[in-house]
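**Student:** Sequence:
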Amino acid sequence: MPRTASTAAPTPAAGRRIQTRRSGVHGKGVFAVQDIAEGEVLVEYTGEVISWQEAQDRHPHDPAQPNHTFYFHVDEDRVIDAKFGGNSSRWINHSCDPNCFADEQGGRIFITALRNIRAGEELNYDYGLIIEERYTPKLKAEYPCWCGSKNCRGTLLAPKRGWAPPGLAPQPPTEKAGKAPKTRKAEEAKGSGKAGKPAKSAKPRQGRRSAQR
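Residue numbers for the sequence shown follow the numbering used here, beginning at 191 and rising by one.
Certain hints may be false.
List time: in silico EDC-like cross-link candidates among lysine to aspartate or glutamate, alpha-carbon distance up to 16 Å [to be verified]:
hint: 1; residue 1: LYS273; residue 2: ASP247
hint: 2; residue 1: LYS350; residue 2: GLU322
hint: 3; residue 1: LYS218; residue 2: GLU311
hint: 4; residue 1: LYS273; residue 2: GLU234
hint: 5; residue 1: LYS273; residue 2: GLU238
hint: 6; residue 1: LYS350; residue 2: GLU323
hint: 7; residue 1: LYS273; residue 2: ASP252
hint: 8; residue 1: LYS273; residue 2: GLU244
hint: 9; residue 1: LYS218; residue 2: GLU312
hint: 10; residue 1: LYS340; residue 2: ASP287
I should point out that these hints are in silico values taken from the structure, not numbers from a laboratory.
Assemble the whole structure, with the sequences as input and the hints as a guide.
**Tutor:** What follows is the structure, encoded as structure tokens:
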């Protein structure tokens, strides 16, 4: 059932419940080491909070992988860079059929169980990347998805219309401010650091990782 943000920031439950190890989906992943109940807050997405301008100046972290960052978009002014001060949350992979969602609470991001999760399951959530330019097969291929779910989109890119991050109530559409420049952009995204460089454009929707082109 869709959820809306509460007024008080949640606190992750005590005890070791998740573990980072190699993933069959992509590189590293985060796994449950015990059963987790729907609605439990698992971990906060931590890192250095910086401005969009600083995020642009730092990009790319790795020139060999320009579409891979640890940026998480908080709002139109702030980005969390989990390369610095980050924790295991930065390794959580994307899925088109996720078992978690990213919940923004007062400028903080909490990874929360979308359903009951069994011990041994890999944690994931929908990064929901939105790129302003027209989605072409070439562009989608630049952001491939390997989640393997039955409803896999084949790409980390989310539909531009009629889509909301799983676990959150749909957000009303926002209008773009001014004429967009003739460069590739992304409103935002999330996930485990496999997104590209962020670009400041229209006011983004809630709860996704940052992408930049």
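**Student:** Determine for every hint whether it applies to the structure shown.
**Tutor:** Okay, the hints, checked on the actual structure:
no.: 1; hint: LYS273 with ASP247; verdict: 14 Å, holds
no.: 2; hint: LYS350 with GLU322; verdict: 9 Å, holds
no.: 3; hint: LYS218 with GLU311; verdict: 14 Å, holds
no.: 4; hint: LYS273 with GLU234; verdict: 14 Å, holds
no.: 5; hint: LYS273 with GLU238; verdict: 8 Å, holds
no.: 6; hint: LYS350 with GLU323; verdict: 10 Å, holds
no.: 7; hint: LYS273 with ASP252; verdict: 11 Å, holds
no.: 8; hint: LYS273 with GLU244; verdict: 13 Å, holds
no.: 9; hint: LYS218 with GLU312; verdict: 10 Å, holds
no.: 10; hint: LYS340 with ASP287; verdict: 8 Å, holds
Of the numbered hints stated above, none is contradicted by the structure.
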